[in-house]
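Chains as they are written, first to last, in the numbering used here: chain P, 97 to 246; chain W, 97 to 246; chain X, 97 to 246.
By construction, these hints were calculated from the structure, which means they are not laboratory data.
Predicted model, so just to flag it, every value in this text is computed and none were measured.
If chains are identical, the list can't say which one is meant, so a pair holds when it fits in one copy or spans any two.
Listed next, the in silico DSSO-like pairs over lysine-lysine satisfying Cα-Cα at most 27 angstroms (straight line):
(1) K122 <-> K243
(2) K122 <-> K137
(3) K137 <-> K153
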Amino acid sequence: MSSNLFTLSNPVFSNYAFYGTVVLVKTFGMSFLTATHRITKGIFANEEDVKLFGTRKVILDNESVERVRRNHLNDIENIPAFMLIGLLYVAINPTPNVALWHFRVFAAARILHTLSYQLPIPQPARALTFGVGFTVCISMAIQVLSKTQF
Amino acid sequence: MSSNLFTLSNPVFSNYAFYGTVVLVKTFGMSFLTATHRITKGIFANEEDVKLFGTRKVILDNESVERVRRNHLNDIENIPAFMLIGLLYVAINPTPNVALWHFRVFAAARILHTLSYQLPIPQPARALTFGVGFTVCISMAIQVLSKTQF
Amino acid sequence: MSSNLFTLSNPVFSNYAFYGTVVLVKTFGMSFLTATHRITKGIFANEEDVKLFGTRKVILDNESVERVRRNHLNDIENIPAFMLIGLLYVAINPTPNVALWHFRVFAAARILHTLSYQLPIPQPARALTFGVGFTVCISMAIQVLSKTQF
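One chain only, chain P, in its complex shape (with noise of 0.2 angstroms):
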């Protein structure tokens, strides 16, 4: 148990590498998504990017806008905490194929979020894929509290 599992030569930590950058590296492009909103349709909640950008005046409530920013903030609620538990399921050690699967489920499931959101797909599409990123982080949860001191 002493043996470090915290190493690229464990395939359980590359793995969890390789998808945890994949979703981060997704929820980055949430920023890029808000900027072409914005700058497409002239809707900024600065005075100084209003400026920059010669439109008239600061808009708060533009729903396209909205739209992205809430799947972000969406993102930002699940994406870090499965990091962060995936971090700690790595140091108990699973079965990598068991592993692997979690990721790979994790990070299919917040992608298909994304498009569910922004195209949209009717629901329930985002509800059922934010359901399964979500119990692939309480599958990990549950298995990390059995095996750790309180």
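We have chain P already, so just place chains W and X on it with the hints.
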């Protein structure tokens, strides 16, 4: 100093993993509290959610929903930061009992913060619980900064 | 590759811990800046806060408070992601000096981002500081993805 501290055989790491997972799961609970308020009161932010539940229109300013969302946002401002500073704190090899109480006090403070926010309990209850959690993080941060290289 | 990199005797990890803690503490500072604006101007989002400070009513749309909150939200979209990608970047054992400058540039960019946002400095100052911090994260992410297994 070069032995591996990020292992379950280190009681500090094991305690960190336990209390960290507890507060992350508590944070996940905010998503469900939001959903409960939205569904029981018919308060939805997206057109496709309105359609699924057959309510009349998008509502963005319901106080009970917004109160949970402010609480959730406060969690994601504080709990990932605790987890990340806490991980670095494990790396400086603190006295196990001192570390254990850092983690316990933080977890208790954040659970009481949520109760103070949602019941709600009159101020300054919420401010005090926020302050205690914050103080734990700053205590760990100072110790990390004093033992690392810039 | 299987030696332990997550230890203070690895200068890359030590530098990561230092600059990571600096940006996390900076992010915590946003909570206090919000509180300062709220208390000095009497702008509160919760009824119990209004009661504590004896102001007249809840105010949700004050520009100076909302500016700090947008800044804070931008921090929590970027800084935990930096910390998590940075931790994985430590695991791929980068050249110490290259890693040190990744961390330093990110920390400097995020401190300048806050100054640009709060003074405020005319655009594109804030956009540039955001872009520099983002570029550091993407640089680390590409290196992590190229060395891990999917």
